[in-house]
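*Asks:* So you can see what is in the structure, the chains are spelled out below.
Number of protein chains: 2
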Amino acid sequence: MAIIVKKFGGTSVGSTGLIQNIAAQIASGRQPGDSLVLVVSAMAKTTDDLVALAYGISEHPSRRELDMLLTAGERISMSLLSLALQKEGLDSISFTGSQSGIITDNKHGNARILNVSAFRINEELERGKIVIVAGFQGVSQAKEITTLGRGGSDTSAVALACYLRAERCEIFTDVDGVYTADPRIVKQARLLPAIDYGQMLALAYNGSKVMHPRAVEFAWKYRIPVEVKSSFTFAPGTLICPETKHKGTTMEERNVTAIAHKENLLRYALKQDQALYAALKTWNNEIFRYSAENGVLELVIEDKYEKEINHFLEQNRTVALSVDKGLGYVTLVGLGINLDPGFLAETLEICQPFELLRVSHSDKTIELMLPSAQVQSCVQALHKALIEDRK
Amino acid sequence: MAIIVKKFGGTSVGSTGLIQNIAAQIASGRQPGDSLVLVVSAMAKTTDDLVALAYGISEHPSRRELDMLLTAGERISMSLLSLALQKEGLDSISFTGSQSGIITDNKHGNARILNVSAFRINEELERGKIVIVAGFQGVSQAKEITTLGRGGSDTSAVALACYLRAERCEIFTDVDGVYTADPRIVKQARLLPAIDYGQMLALAYNGSKVMHPRAVEFAWKYRIPVEVKSSFTFAPGTLICPETKHKGTTMEERNVTAIAHKENLLRYALKQDQALYAALKTWNNEIFRYSAENGVLELVIEDKYEKEINHFLEQNRTVALSVDKGLGYVTLVGLGINLDPGFLAETLEICQPFELLRVSHSDKTIELMLPSAQVQSCVQALHKALIEDRK
Chain A
5 MAIIVKKFGG TSVGSTGLIQ NIAAQIASGR QPGDSLVLVV SAMAKTTDDL VALAYGISEH
65 PSRRELDMLL TAGERISMSL LSLALQKEGL DSISFTGSQS GIITDNKHGN ARILNVSAFR
125 INEELERGKI VIVAGFQGVS QAKEITTLGR GGSDTSAVAL ACYLRAERCE IFTDVDGVYT
185 ADPRIVKQAR LLPAIDYGQM LALAYNGSKV MHPRAVEFAW KYRIPVEVKS SFTFAPGTLI
245 CPETKHKGTT MEERNVTAIA HKENLLRYAL KQDQALYAAL KTWNNEIFRY SAENGVLELV
305 IEDKYEKEIN HFLEQNRTVA LSVDKGLGYV TLVGLGINLD PGFLAETLEI CQPFELLRVS
365 HSDKTIELML PSAQVQSCVQ ALHKALIEDR K
Chain B
5 MAIIVKKFGG TSVGSTGLIQ NIAAQIASGR QPGDSLVLVV SAMAKTTDDL VALAYGISEH
65 PSRRELDMLL TAGERISMSL LSLALQKEGL DSISFTGSQS GIITDNKHGN ARILNVSAFR
125 INEELERGKI VIVAGFQGVS QAKEITTLGR GGSDTSAVAL ACYLRAERCE IFTDVDGVYT
185 ADPRIVKQAR LLPAIDYGQM LALAYNGSKV MHPRAVEFAW KYRIPVEVKS SFTFAPGTLI
245 CPETKHKGTT MEERNVTAIA HKENLLRYAL KQDQALYAAL KTWNNEIFRY SAENGVLELV
305 IEDKYEKEIN HFLEQNRTVA LSVDKGLGYV TLVGLGINLD PGFLAETLEI CQPFELLRVS
365 HSDKTIELML PSAQVQSCVQ ALHKALIEDR K
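These protein sequences, in sequence, are chains A and B. When the letters of the first sequence are read in order and numbered with the working numbering, they come out as residues 5 to 395. When the letters of the second sequence are read in order and numbered with the working numbering, they come out as residues 5 to 395.
These are computed hints drawn from the structure, not numbers from a lab. Wrong hints could be hidden among the right ones.
Unchecked claim - BS3-like cross-link-like pairs, simulated, lysine-lysine; straight-line CA separation at most 27 Å: (1) Lys-191/A <-> Lys-133/A; (2) Lys-147/B <-> Lys-191/B; (3) Lys-388/A <-> Lys-285/B; (4) Lys-388/B <-> Lys-285/A; (5) Lys-133/B <-> Lys-111/B; (6) Lys-388/A <-> Lys-191/A.
Chain A with its partners taken away, still in its complex shape (with noise of 0.2 Å):
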């Protein structure tokens, strides 16, 4: 019996029209002999809409009932999801995080995975059931509902894979899979058919949406076959996986494999001290960057995040020694791309027309900071020099 985990996105579950194309593709694809878990995440824009509710009542809201008030998303989207599959004829049941037996720690908001104990979706699943599940939720082991934080659901579909000894895990999304460049950004970008687990973290750490960095990190230490692909079409998207292909013409060419771009960052820079330390460890929100110097620790965030922020900095009397708007990020992601001298040399030639505000490296990446209003343009060029007119 082949356990496939399917995860499908806010987008992919946007509308009941978009759940019930979702439920006729299971219908008409099912192999039999599969058994399938489904985990959704909430319909696009509810968990927006559900936080702009509670902070419409308090200003800082308290996590646990913001926990509370959250996992409501996914309640929506399972069962909408369950009745459309059992009108297609299929037999399904929904589940929660918390009976799914997804434990987490208790931090609310951004509660991480202890363990899996998914005994009931196994017996539904050989009762013959198409089991969905809530992504992105969980139960603390005092038994309070916890939520996974950003990249929750995929997290969930993976480590559900991994309780299940899952054949894989589909990750259902608003694209065709993982590309050169967002597509939307780049019309040359072409789809990678496979990409492998390192890559694919350095690619999702710096900015490519279509999977996040914790459920790739998850995927790679669990060994989980990913695929990503299109919950419109459901054409096949992009294996994330150990084995990958080199197709360079000799055997040490470096190559650019893809770009991944961020937009909309905050830098804060703030005294490093024990207030700073302290406040660190109970931190909740996501970190894009950090770098320190001189004594002092720049955070870069996505601006999103600047009220939230703005006030836990506060509680925690740090203050913050300058605060930079407007910033951005560009990223190449490839295999020896990042100590060849000439290649930085060639990559800065490129980026001549824009204003680096700041160059670094990691073993497979070189990461350009410049101007938010910028990264559209430096992307396209980049993808034009260093993938399009290298094929």
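Assemble the complex: chain A is given as a structure, and chain B must be docked to it using the hints.
*Replies:* Below, chain B without anything else, positioned relative to chain A:
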């Protein structure tokens, strides 16, 4: 017929006694039916001695003649090993890089492998001979002798393993394998039985000397399983491969796999302009790290290259804005450690006794720049707190 490529580094073939020991181990340990290819470096210090000889004659010897000179080093070690094997009653034959068909570009002193065409090795293996190959060297398409630069012998071995479709590539060296930290500095360091390519690459880039990053990249690209082990004991070492098993006690636990470090670094600040870009394209030395900000490119380099770099900059009419000496780096490697603010705070607290000059990170590292003199105590403190005390 399983082909196994074994590479012996400079310290492993550092004396005739050691070479005889290798021959004896090969004679006693060879499995019937196994075909062996042995890749050797020059005997320890030989290369440095030859370089010194050249610089005794000319302050700036031509790269071509230097390559001609240096390749004598492996010629000595490979013929001696062949003689030792023959004395053990084994049939063996040695080949230069050129005879082995290691085709490179024409960048003397730092050539890149374009292709391998090792039909002569196959022929001799079929005749039942043990083939000994000079590592580190190749031949350009214009039939000029080239050397592969740092990490060259490891890269030769992996490239041959790839061409020959070897079952595995064994890198014999003067340590037992990959440890959680350099065992000369940290007594409690543990040998890692296995590590995946991605994390090994991060360790190699950040100072772990057991294998060169370039060879790790190569092995990763072509999925060659590599074992790093001791040439003194021949005991099982560390397997570098896609298959790693996660050993956390909870699913999303974040652990430090190992700590790498680098001492005795120099930092050059260079003005970014066309002259610098042109210079970088002919740059021949290994760069440890770079970063740029406000139009200034900073290069961090091992101080042993100081003379060469100064000469190179002079020739290219590039003046360093500043040079900092006595720098070091300590790098934590582990999946998921990098964007956890609490983990960052903990790391910074452990490092309070040290003068952190810069903190940065990648998708699976935290990187600390500090005075070279503090590197060893910093590695010890971090290993104790983040690896030993968490067992």
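*Asks:* Now tell me, hint by hint, if it's right for this structure.
*Replies:* Comparing the hints with the structure gives:
no., hint, result
1, Lys-191/A <-> Lys-133/A, "violated (42 Å)"
2, Lys-147/B <-> Lys-191/B, "violated (49 Å)"
3, Lys-388/A <-> Lys-285/B, "holds (20 Å)"
4, Lys-388/B <-> Lys-285/A, "holds (20 Å)"
5, Lys-133/B <-> Lys-111/B, "violated (33 Å)"
6, Lys-388/A <-> Lys-191/A, "holds (10 Å)"
When the structure is compared with the earlier hints, violations turn up for hints 1, 2, 5 and for no others.
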